[in-house]
Amino acid sequence: MSTKATDRRAKIEAAAPKGRGGANKIVVATIVAVLAIAAIVTGVIVADQGKKADLTAGGSSLPKNVSAMGAGLVVNPSAPSNVPTLDLWEDFQCPACASFEGAFGKQVNDMAKANEVKLVVHVLSFLDKNLGNDSSNRAANAAFCAADQDRFLEYHETTFANQPEQEGTGYTDAQLKSFAQTAGITGAGLDTWQKCYDAREHNQYVESVQTQSAKDGVNGTPTLKLNGQAVQLQGLTPQSFADQVKAATQ
Amino acid sequence: MSVLADRKGPGSGSLLRRPRTLDIVGLLARVALGGVMLVAGVLKVTKPEVSARAVQAYQLLPFDLATYVGYGLPILEVVLGLLLVAGLFTRASAALAGVLLVAFIIGIASAWARGLSIDCGCFGEGGTIDPSATRYLEEILRDVGLVLCAAWLVIRPRTAYSLERTLFA
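The listed protein sequences correspond, in order, to chains A and B.
Each step along the first sequence adds one to the number in my numbering, with nothing skipped, and position 3 is 3.
Each step along the second sequence adds one to the number in my numbering, with nothing skipped, and position 34 is 34.
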């Protein structure tokens, strides 16, 4: 009897699919691979669409003293050709940029005003993605609306002077407007600024500067370049900075 | 008899060579490799643009390709991390993770050799940092350790408490 029962069990087992009821490895592998590829492709497409939406939002007009999409704003276009070009990359939410502005901002502005350097400012907005807000982008838009009224440097200075202590707090629209007033934009000028800001007239330009800087390998702020050569910020003093500018002047 | 024969299996007498011990070592390698992959992926997966910038900062791939790699990499890391932690298709997942890690080591070493000062962007952030803040050696050593885990799992994918053992019994 018992032998018969064993035989029957053996027959049933032999008839059952191999792996004694375990899942089919090839089927599971196929499902996992298809799901993984679908997840990656979907993720890439969603991110790409989001980026494209960012790049095409707002207006496409260039601010005053900007020659092309992706190019920096020339603070003093009247600079003679023998003075060195000082390129400056900053993000309005970057604490190290605010420190730099605190220590060297006045010196840089004075150099530009005296036409000792040709100052080109590249306003970046990548910190928005790190911090999960949109304050760098809005502040950049606000600054270029101020640039249209020849108040870029003043706006730039005011914004850094009022940077929130906690990185990531960002700027409110009301704050950005008050910075415009502090920068000397009043009356009808303030209405023009507000219209420009609300419409994000220069937003595509702001995005183009961000893209261009990444292509140029500028991935951190603040970055300073004197005639294209990076200026080391570590150990920089007002004196050594002035010496470097003098050495680069022809 | 058969019970006795089992006990006298290969390496009996040496605790370190018992299959059970080796399964536990495999488990540790699997959880270490999978855990790091999973954490690295999760930290980046919600910020694809930050990840894209981190890949661009290496200046190795063409700009647009670097962007797409940056978008896709965190998702791949999450997938491999989940498979490894669960112990499903351990050998294939470990092999893929190993290839990724070797690519990361090459990237970091190349950034170091070219004098770039960037964060590896392994767990988010990335991009240019102060030259004094770079940690290339640490980053490479960590990845070498993980490659060793991957190598173990490719050579001996059998591990304790793996989903594949339960699922494909």
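Among the clues, some could well be false.
Cross-link-like lysine to aspartate or glutamate pairs, in silico, EDC-like; alpha carbons within 20 Å at most [stated by the list, open to error]: (1) A:K215 x B:E138; (2) A:K225 x B:D130; (3) A:K52 x B:D64; (4) A:K51 x B:D130; (5) B:K47 x A:D134.
Not everything, but these chain A residues come out facing chain B in the computed CB check (under 7 Å) [claimed, not checked]: (6) K25; (7) A47; (8) G168; (9) P222.
Footprint (simulated), chain A over chain B, 3 or more residues, beta carbon under 8 Å [to be verified]: (10) 21-31; (11) 96-102; (12) 150-161.
If you're looking for bench data, these hints aren't it; they were derived computationally from the structure.
This structure is a prediction, so every number in the text was calculated from the model and none was measured.
C-beta atoms are modelled at their ideal positions from N, C-alpha and C, and glycine is treated no differently.
Results for each hint:
Under the criterion of a C-alpha separation no larger than 20 Å, the hint pairing K215 of chain A with E138 of chain B is inconsistent with the structure, at around 28 Å. With a CA separation close to 15 Å, the supplied pair K225 of chain A and D130 of chain B stays within the 20 Å bound. Taking the CA atoms of K52 of chain A and D64 of chain B, the gap is near 13 Å; set against the 20 Å cutoff, the hint holds. For the given pair, K51 of chain A sits about 28 Å from D130 of chain B by alpha-carbon distance, which is inconsistent with the 20 Å threshold.
Under the criterion of a C-alpha separation no larger than 20 Å, the hint pairing K47 of chain B with D134 of chain A is consistent with the structure, at around 14 Å. A least Cβ separation of about 5 Å between K25 of chain A and chain B falls short of the 7 Å threshold, and the interface hint therefore holds. Interface hint status for A47 of chain A: upheld, as the beta-carbon distance to the closest one in chain B is roughly 4 Å, under 7 Å. Annotation: interface hint on G168 of chain A violated; nearest CB of chain B at approximately 13 Å, more than 7 Å.
Because the beta carbon of P222 of chain A sits about 10 Å from the nearest beta carbon in chain B, more than 7 Å, this interface hint is broken. By the rule of at least three residues with a Cβ nearer than 8 Å to a Cβ of chain A, the coverage given for the segment 21-31 of chain B is violated, with 0 such residues. With 0 residues having a beta carbon nearer than 8 Å to a beta carbon of chain A, the segment 96-102 of chain B misses the requirement of three or more and the stated coverage is violated. Note: the segment 150-161 of chain B has 0 residues with beta-carbon separation from chain A under 8 Å; the three-residue rule is not met and the coverage is violated.
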